[in-house]
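Asker: Using the sequences provided together with the hints, build the complete structure.
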Amino acid sequence: MLEHILSLGAYLFCIGIFGLITSRNMVRALMCLELIFNAVNINLITFSNSFDTQQAKGEIFAIFIIAIAAAEAAIGLAIVLAIYRNKNSTRIDQFNLLKW
Amino acid sequence: MFLLPKYNSFFIFLLLASVIPILAFSISKFLAPNNTQGPEKLTSYESGIEPMGDAWIQFQIRYYMFALVFVIFDVETVFLYPWAMSFNDLGLSAFIEALVFVFILIIGLVYAWRKGALEWS
Amino acid sequence: MELELDLSFFYKTTILPECVLIFCLISILILDLILKIKDKNVFFFISLVSLLLSIFILIFQLKEEPVISFLGNFQADNFNKIFRIFIALCSILCIPLSIDFIKCTKLAITEFLIFLLTATIGGMFLCGANDLITIFVSLECLSLCSYLLSGYTKKDVRSNEAVMKYLLIGGTSSSILAYGFSWLYGLSGGEFQLQKIADGLVSTEMYNSFGSLLALVFIIVGIGFKLSLVPFHQWTPDVYEGSPTPVVAFLSVASKIAGLALLVRLFNIVFPFLPNQWHSLLEISAICSMILGNLVAITQTSMKRMLAYSSISQIGYLMIGLVTGNFDGYTSMIVYLLFYIFMNLGTFACIILFGLRTGTDNIRDYSGLILKDPLLTFSLALCLLSLGGIPPLSGFFGKLYLFWCAWKTGLYFLVFIGLFTSVISIYYYLKIIKLLITTENKEVTSYVQSYTVSSFSLLSKNSIEVSIIICVIASIFLGIFMNPIINILQINLHLNTFTNI
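Heads up: the sequence lines are chains A, B and C, in that order.
Just so we're aligned, residue 66 is where the first sequence starts under this note's numbering, counting upward by one.
Just so we're aligned, residue 3 is where the second sequence starts under this note's numbering, counting upward by one.
Just so we're aligned, residue 1173 is where the third sequence starts under this note's numbering, counting upward by one.
Simulated from the structure, these hints should not be mistaken for laboratory data.
Keep in mind that the hints are not guaranteed to be accurate.
Calculated lysine to any residue pairs in the SDA-like style (CA-CA distance at most 20 Å, straight line) [claimed, not checked]: (1) C/K1368 - A/K164; (2) B/K43 - B/F61; (3) B/K117 - C/K1326; (4) A/K164 - C/S1474; (5) B/K8 - B/A19; (6) B/K8 - A/K164; (7) B/K117 - C/D1211.
Selected chain A positions facing chain B (Cβ under 8 Å, derived; list incomplete) [unchecked claim]: (8) G84; (9) I128; (10) A135.
Backbone N, C-alpha and C define an ideal beta-carbon position, used for all residues, glycine too.
Answerer: Here you go:
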């Protein structure tokens, strides 16, 4: 049972990383970021369910991760807004000013 | 598929649940008359009147301001639930700590309000 | 379930310095909301005073015994306290740099100060955090504020691009770190405090398994992105070039200090039984950082980009002290960190001043600056030479002590690479200094000709100059007083829990 859920978490993690590397849209990249955080949450809750039923520290960590991921998504969306006002686009590959 | 014996009923349910929409679509395709191909077939249904514009519209940027403020204050309340559930066990000190937490949140809300993030202009 | 929350009131003095800063933060916010203060200098004054106060509290607390407070979530020993002092010091030196910049660009002052102070608080908590939740939350507190700061000039497209890259890469790195933490939590059988994780890993006999190696690799990757070690450094030059310069000055020191403290504590407490693995991984990345940072810095044309690569190489030098791994190694790392704060902030202060007066940061636009402002040229040259490690300046003594400690432990290859790359770095620093002191008139660019010099007196109102003077004096003379500094550090550090391995 444990290894199934852990492999689900690892699978979600890989999907998130893959999406971050390949996505061309900023909002989609932020969604992939959330996916990775959800993989972490799945891992934590599984471990907490199996080893730590007394104190449930993993679930507390998961709550903190949810809150922080929401803050990160809010900041990301604010940045997307600022970018959209300046360039009328949120595509990542149109940003290539900074390079050597 | 049946490696996990506790989940047999769940998997059967999952199978049934995924079959039903496929069945619904395929039956309607099978029964529907095939010869009515007009230009109006593909337009979106808007209560019988002529549709105005595309179904895919861009939301106004003002919605995002509210959405941002809402997301933050919505998610921060997740910390209040565990505290409320065990309010009787935790005692006075946890109450004071929760008050500090709520106080900081209120400062944030007042800040957003004073800076005009909550105004529809 | 036994809950001992009432005890936490007795431990409040351990986080008193942070509490002072939080109080200052909230009071700035409330003052800005209630009063319509036109003269925003009051806020700078409040934040500087509170930072100074928290440094004094930390210095007085150095005598106390190490305690673990808040049910084991926060550890206050001397190693942490020194790092917390360093972070507050960076903040104090960075706030004067940003005053004039913000006034010239007409940005909001209150929010800038709030982000800066929140980042400082996050970094200070990160240095003392003793369990995985506190580490993660304070790390995110630091990095979320850094994203906001680096995108602070939101009308500027370059700043937008920089913050976009920084947010995506920073978010990825913290999620990778959190994934590593979740493995640590599982492998130790459901423990969160660092010491208990180490015990748990031993009791579940997982300490040498593939899983703990995986967790180690994930954590190294996560922290490596934050520290911009070499395989994970690609974001650094872009973010440094695009972001506002005072913010870059803060990020280049504060995030490195906090990341180093986290790295040292996490690996020494949690992975004491895998020393060869993490030492060798860090050694490889240190060698790569030194070589690549210094080689690529030669070809740069933008000053901020050049300093980005230079900071990558400096983190490589700091890694030498970590890889050495004994008491002397950590002492030399801390000494070099102290010198690095002053050298780097001095350089950035000079660049900010030049950028504000001319509006450019290309290296070739600096040529002939000595004709217009000899004092600025002099301080920039001294800071750069100190970064490169020219003998009488403090950077030389710092590097010497670092290399000597590594040599004693037998890391000959690392020391050799360090010496070799230092010579390369001296080459490109000298190239800039040669440009600065050209006196031929035809090479003086239009930027320098339009440069307006103000009276450079000690009583002048320009706060950047005060910062420059402090940094330059420190980066010249601190090296001479190196022995007392080392003595003070060694006396304070020997109470520590893990450096006496």
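Asker: Given the hint that C/K1368 pairs with A/K164, does the C-alpha gap stay at or below 20 Å?
Answerer: Distance of about 45 Å is beyond 20 Å: violated.
Asker: Is B/K8 close enough to A/K164, meaning Cα to Cα at most 20 Å?
Answerer: Not satisfied, since the Cα-Cα distance of roughly 55 Å exceeds 20 Å.
Asker: Would you mind confirming whether the straight-line C-alpha gap from B/K117 to C/K1326 stays at or under 20 Å?
Answerer: 17 Å, holds
Asker: Just to be careful, I want the Cα atoms of B/K8 and B/A19 compared with a cutoff of 20 Å; is the pair within it?
Answerer: 19 Å, holds
Asker: Taking only the CA atoms, is the gap from B/K43 to B/F61 under or equal to 20 Å?
Answerer: 26 Å, violated
Asker: Would the pair B/K117 and C/D1211 pass a check requiring their Cα atoms to be no farther apart than 20 Å?
Answerer: This hinted pair holds, its Cα atoms lying about 18 Å apart.
Asker: Closer than 8 Å between Cβ atoms is the bar; does A/G84 clear it against chain B? Give me holds or violated.
Answerer: 21 Å, violated
Asker: Should the interface hint for A/A135 be scored as holding, given a Cβ-Cβ cut-off of 8 Å against chain B?
Answerer: 4 Å, holds
Asker: Does the closest beta carbon of chain B sit nearer than 8 Å to the beta carbon of A/I128?
Answerer: 6 Å, holds
Asker: Tell me if the straight-line CA distance from A/K164 to C/S1474 falls inside 20 Å.
Answerer: Between A/K164 and C/S1474 the Cα gap is close to 11 Å, so the pair holds against 20 Å.
Of the numbered hints stated above, those contradicted by the structure are hints 1, 2, 6 and 8, listed in ascending order.
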